[in-house]
Each structure stands twice: as structure tokens, then as C-alpha cells.
Amino acid sequence: MIRIEGLTKQFNGITAVENLELEIRPGEVFGFLGPNGAGKTTTLRMLSALINPTSGTAWVAGYRLGEDDQALRRNVGILTEAPGLYDRLSAERNLSFFAHLYGIDDVDGRVERYLKLLGLWERRSEPVGTFSRGMRQKLAIARAMLHEPSVLFLDEPTTGLDPEAARLIREFIEGLSGEGRTIILNTHNLDEADRLCDRIGVLNTRLLALDTPTALRREVFGRKVVFHLANLRPQFEATVAKFPFVEAVESKDAKLLVTLDDPEAHNPTLVSALVNAGAQVRFVGEIRRSLEDVYLHLVSNGGTEPERGNET
Amino acid sequence: MNRVYQIVRKEWAEVFKNRLVLFTVAFLPLIAAALPLGILYLGRSSADFAADVGKDIPQGFSVLCNNLTGEECVQYFVISQFILLFMILPLAIPITIASYSIIGEKTRRTLEPLLATPITTAELLIGKGAAAVIPGVIATWLAYLVLVIGAAWMGVGMDSLLNPFWSIAVFVVGPLLALTGVSVAVIISSRATDPRTAEQTSMLVTLPILLVFFAQVAGLILIDAQIVILIALVLMAVDVALLTVAVQLFQRENILTRWK
Ligand SMILES: Nc1ncnc2c1ncn2[C@@H]1O[C@H](COP(=O)(O)OP(=O)(O)O)[C@@H](O)[C@H]1O
Ligand SMILES: [Mg+2]
Chain F
1 MIRIEGLTKQ
11 FNGITAVENL
21 ELEIRPGEVF
31 GFLGPNGAGK
41 TTTLRMLSAL
51 INPTSGTAWV
61 AGYRLGEDDQ
71 ALRRNVGILT
81 EAPGLYDRLS
91 AERNLSFFAH
101 LYGIDDVDGR
111 VERYLKLLGL
121 WERRSEPVGT
131 FSRGMRQKLA
141 IARAMLHEPS
151 VLFLDEPTTG
161 LDPEAARLIR
171 EFIEGLSGEG
181 RTIILNTHNL
191 DEADRLCDRI
201 GVLNTRLLAL
211 DTPTALRREV
221 FGRKVVFHLA
231 NLRPQFEATV
241 AKFPFVEAVE
251 SKDAKLLVTL
261 DDPEAHNPTL
271 VSALVNAGAQ
281 VRFVGEIRRS
291 LEDVYLHLVS
301 NGGTEPERGN
311 ET
Chain R
1 MNRVYQIVRK
11 EWAEVFKNRL
21 VLFTVAFLPL
31 IAAALPLGIL
41 YLGRSSADFA
51 ADVGKDIPQG
61 FSVLCNNLTG
71 EECVQYFVIS
81 QFILLFMILP
91 LAIPITIASY
101 SIIGEKTRRT
111 LEPLLATPIT
121 TAELLIGKGA
131 AAVIPGVIAT
141 WLAYLVLVIG
151 AAWMGVGMDS
161 LLNPFWSIAV
171 FVVGPLLALT
181 GVSVAVIISS
191 RATDPRTAEQ
201 TSMLVTLPIL
211 LVFFAQVAGL
221 ILIDAQIVIL
231 IALVLMAVDV
241 ALLTVAVQLF
251 QRENILTRWK
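Residue numbers (the numbering used here), protein chains in the order written: chain F, 1 to 312; chain R, 1 to 260.
Keep in mind that the hints were calculated from the coordinates and are not lab data. The beta-carbon is built from N, C-alpha and C at its ideal position, and this holds for glycine as well. Among the clues, some could well be false.
Stated by the list, open to error - Calculated lysine to any residue pairs in the SDA-like style (CA-CA distance at most 25 Å, straight line):
| id | chain 1 | residue 1 | chain 2 | residue 2 |
| --- | --- | --- | --- | --- |
| 1 | R | Lys106 | F | Met145 |
| 2 | R | Lys106 | F | Arg88 |
| 3 | R | Lys17 | F | Met135 |
| 4 | R | Lys106 | F | Ser90 |
| 5 | R | Lys260 | F | Asn36 |
| 6 | R | Lys106 | F | Val249 |
| 7 | R | Lys260 | F | Gly37 |
| 8 | R | Lys106 | F | Ala277 |
As the list claims (entries may be wrong) - Partner residues aside, some chain F positions facing chain R, computed with beta carbon under 10 Å:
| id | residue |
| --- | --- |
| 9 | Asn52 |
| 10 | Asp69 |
| 11 | Leu85 |
| 12 | Phe153 |
Unchecked claim - Chain R is nowhere near these chain F residues, computed Cβ spacing over 10 Å in every case:
| id | residue |
| --- | --- |
| 13 | Arg88 |
| 14 | Leu101 |
| 15 | Gly178 |
| 16 | Thr205 |
| 17 | Ala209 |
| 18 | Leu229 |
| 19 | Asp261 |
Work out the full structure, taking the sequences as your base and the hints as a guide.
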């Protein structure tokens with residue numbers, strides 16, 4: 001659905017996006033994760049034919065950048081970083097204006113459908129200037145989807161919203177993913193990327209990593225299981241370390257920290273081995289590396305594993 | 001074509017909800033028509049006034065009066081002094097509309113979603129331009145119509161209004177000035193963030209054009225139909241140059257990455 005080849009953008013000699021190589025499958029929800037200034041917006045702008053790449057190219061919805069940009073624009077929708085609505089016009093008028101520009105046949109019907117879909121139908125006649133941020137964002141999403149594009153770009157859809165509004169938007173996006181639409185989402189919110197995306201590309205000018213959220217965690221850090229013991233003894237390390245699936249063991253305070261691939265499958269084995277060796281297991285937890293850790297690790301690319309993570 | 005029409009419709013729906021814009025579009029033409037009519041009315045009711053004005057008519061102007069009576073010549077002179085107002089109208093109205101419309105889109109950040117649609121930048125520019133130029137031109141013509149009707153009603157000799165000088169000014173130079181105004185406003189608006197500043201700066205830029213008409217009012221030069229034609233020709237060249245710059249600025253890449 002999207003193929004990106006060596007996409008690069010410079011502004012006055014400063015590189016904002018460098019040599020991006022990526023393929024995004026139809027129906028996939030893909031997330032670009034990166035801090036401010038990472039080049040996320042620049043990337044989406046290039047992919048929606050708003051600005052031209054300095055070098056490299058991409059195919060989006062079957063069109064190569066720069067070849068038939070008008071057709072490309074017809075087949076993609078973009079929620080821009082700022083909602084960008086006409087405050088003096090009503091919600092309905094905001095949408096119908098865009099529906100006309102996209103050449104939609106049944107403008108009224110389509111506008112009604114999307115206003116209802118996003119729960120704005122009751123307030124359709126009010127000027128958008130009176131809307132809350134959450135409602136504005138919903139209207140902007142409705143506008144991006146109005147022409148039913150096969151590719152939908154969402155640039156930081158929940159940034160700046162209160163938690164409740166952010167949750168509603170997130171749930172709405174979750175609901176969209178089942179409909180076979182390809183969605184590319186920019187975010188610096190790690191939980192959001194984790195929850196919504198099939199795959200994540202960690203971006204900081206260059207693409208630093210690319211995988212599923214789960215695999216990213218595993219590849220970069222592995223998963224850790226913590227056994228809280230009433231009687232931590234040095235020999236317990238050996239008890240655990242003899243299993244081939246265990247990658248690393250360390251004991252700390254009253255805890256045994258075990259790094260392994262698949263805790264769900266192997267925890268029972270470990271627990272019974274420890275019990276047999278005389279350990280009194282109080283409880284078992286997992287240290288889940290948050291995407292933030294993955295992210296910090298990759299961005300700083302210092303190579304050392306940060307001592308962070310929350311036991312869950 | 002439909003997309004241009006949609007832009008114009010949207011512009012009008014939005015920009016005329018702004019009181020400042022509405023004021024300029026409605027009030028300026030009213031003044032332009034009412035002021036000369038008021039003066040003519042005074043002149044008609046007071047012989048002294050007419051005589052005073054008669055003394056002030058520059059030597060050169062009397063030539064234009066060739067076979068008019070003294071009173072008609074005074075009316076002709078008085079009315080022609082107001083040509084400046086009628087040249088400000090088609091400049092000021094498009095500048096105001098375009099400044100508010102473009103800077104409004106910029107500060108509300110509505111240009112990016114707009115540019116993400118299949119609209120061409122030419123359609124967008126034409127739409128915005130038309131939305132600004134059309135009210136300017138129509139307001140000028142309406143004000144002129146009111147002036148002509150009012151003058152006729154007062155029994156003023158029609159030679160003073162229905163002559164090549166006024167016709168070319170109102171029907172040729174007017175629309176050309178509107179085009180100048182809108183191009184300048186587009187160029188200035190791409191750099192400015194406050195519509196009022198942009199409006200005022202744009203007006204300043206167009207001052208040289210108005211200078212010619214100022215000179216006429218001040219009696220420094222005498223504009224006849226030939227000079228008006230010359231002004232029109234110069235304006236055409238100026239408009240082509242300004243529009244070229246405006247079109248260049250109005251590329252997606254420039255709007256999104258270089259506009260301030
Ligand atoms: N119009 C522009 N002119 C100059 N530099 C720009 C422009 N737009 C973006 N940049 C720079 O490119 C980099 C990436 O910006 P952006 O794509 O907005 O990042 P993100 O969306 O990830 O926060 C930043 O360093 C930013 O300063
Ligand atoms: Mg951004």
C-alpha cells in the first residue's frame with residue numbers, strides 16, 4: 001500500500017528525514033514514534049504529496065510521489081498536526097466545503113454520515129469556534145475520512161487533548177483498524193503506539209527500529225520475570241540458569257530476576273524447579289520494558305541497557 | 001471550475017462574518033458615492049460656494065470644459081476630484097478581504113488540510129483572488145451607479161460623469177487596481193501574521209499608483225482620458241509581474257514550509 005524508498009528531506013541543508021526505507025502493508029496500522037523534531041510530520045507531508053522530497057520517492061495508494069499527485073491526494077486522507085478548522089463556519093459547513101472539493105456526489109448524505117459517526121450530529125449547525133478541543137479533533141478526523149481514502153494519515157491524533165478526549169479518539173481509531181484501511185499514525189505517546197499499531201517505526205531523522213511493539217520490546221531488551229522469594233539463596237540462580245530458555249539470571253534484594261523469551265510458557269517450569277530446590281515463592285511478577293525505555297535506548301544509542309522498567 | 005466556485009463561496013461565508021471586513025466593503029462605497037453627491041448638493045444650493053470653487057479651478061482644467069457652461073464646468077471639476085475615492089475602493093476592498101482571508105487561514109492553520117485535497121494551487125489562488133476582487137469591483141461599480149443616478153437626479157450635467165475619463169477609470173482601471181490589490185495582499189500576507197498589519201502594508205505598497213490620482217486632486221497634473229489609458233497599460237504590466245510573484249509564492253511547498 002505504501003512503499004518508501006530512500007525518502008529524504010532537507011530544509012536549507014538541514015536534514016529532517018534521512019533515507020527512509022519502509023513498506024507498509026494494506027490494512028496495517030503503522031506508527032511512527034519519535035520525539036518532537038524527529039521528522040514525523042515532514043514524513044507524512046511528503047507521503048500525502050504536500051511537500052516534495054529532496055531525494056528518494058514513495059508509492060502511496062498506487063501512485064508514485066510527483067507523478068499524479070492530484071489522484072494521490074484523492075486516495076489519501078490526512079489529519080494534520082493542527083485540526084485547522086474554519087471557526088466561523090458550522091461543523092456541517094466545514095465538512096461540506098471539503099466534500100465539494102473532493103468531488104463527492106452526495107455531499108449532504110456523506111456529511112451527515114460522518115457527523116453521526118463521530119457523534120457531532122446534534123451540534124452540526126454550531127460554529128466550530130464554540131467546540132471543545134476533543135470535538136474539534138473529531139471533526140478534523142471526520143474531514144480526513146470524508147472521501148473514504150484507502151490510506152489515512154493521522155499526525156499526533158491525541159496530542160493536546162485531555163485524557164478523556166484522548167481515550168475517545170484512541171477508541172475510535174482502534175475501531176477503524178478493522179475496516180481494512182491502511183493507517184499511518186504519528187505519535188510520541190508510547191502507550192498509544194503500543195495499543196493501536198501493528199508495527200512501529202522508531203524515527204529520529206533516520207529509522208532507528210522497525211517491528212511489532214512486542215517484538216521491539218523483546219529484541220531490544222528481552223522480558224524479565226521477577227520471583228520474590230522469602231528465602232533468597234545463591235544456589236537458586238543455578239537452579240534457574242540450567243534451563244535453555246533462560247537468557248540471564250541475577251539476584252537482587254529478595255528477588256530473582258530472570259530474563260527469558262516467553263514467560264507465559266516457561267514460568268510454571270521455573271516456579272516448580274525453584275519450589276523443588278526449597279525456595280519459598282511469595283509472588284511472581286514481570287518487568288515490562290515500556291516503549292519509552294526501548295525508545296530512549298535506541299535514540300541515545302549508548303548501547304547500555306537503562307536500569308528502568310516497571311514491574312507489572 | 002466547481003472547486004474555484006466552492007472556494008469563493010466558502011470565502012464569502014467566512015470573511016463577511018468579520019465585522020471589520022464587512023465595514024470596509026459596505027462603508028467605503030457608501031462614502032465614495034455620498035461625498036461627491038453631498039458637495040454637489042451644497043454647490044447647487046449655494047451660489048457663493050460654486051463661485052468659490054469656480055475660482056479654484058486650475059487653468060488647465062478649463063480646457064476640458066470646452067463647450068460647457070461655467071456652472072457645468074464647476075460640477076465637472078468637483079466630481080472629477082472624487083475619482084481618487086473611486087480608485088481607492090477597488091484597491092482597498094480586495095486588499096482587506098484577501099488579507100483577512102489568507103492570514104485567517106494561516107493562523108487557524110486551515111491551509112494544510114485544504115492543500116491536502118485534490119485542489120490545484122491555481123484553483124485555490126483564483127478562488128481566493130476572485131472572492132476578493134469581485135466584491136471590490138462590484139462595490140465600485142455600484143457606487144458609481146449611485147453617483148450617476150444621484151447626480152442626474154440633482155440635474156447635474158451628465159457630461160461630468162458619463163465621459164471616457166470616468167468610464168475608463170471605473171470600468172478598466174478599477175478592475176486592474178483590484179487585481180493589483182489582491183496580488184500585493186497575497187504577497188504581503190505570506191509574510192505577515194496580523195491581518196491589520198498586512199492590510200496597511202498592502203495599502204502602502206499600492207500608494208505609488210494612487211499618487212497619480214493624488215496629483216490630480218492637488219491640481220499638479222491634469223488627468224484626461226489619455227492619461228487614464230496610460231495608467232491602465234502600466235497597471236497591466238504591474239499586475240502581470242505581481243501575479244507571477246504571487247503564483248510562485250502560492251505553491252504547496254512554499255505555503256507549508258516558507259510562509260511565516
Ligand atoms: N519548514 C521548515 N523549515 C525548516 N525546518 C523545518 C521545517 N519544517 C520542519 N523543519 C525541521 O525538520 C525537523 C523535523 O520536523 P517535524 O517533521 O515537524 O518533526 P516532528 O513532526 O517529528 O515533530 C525539525 O528539526 C524541524 O525543525
Ligand atoms: Mg510533528
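Hint by hint, where does the structure go against what was stated? Just the numbers, ascending. Of the numbered hints given earlier, those the structure breaks are 6, 8, 13 and 14, listed in rising order.
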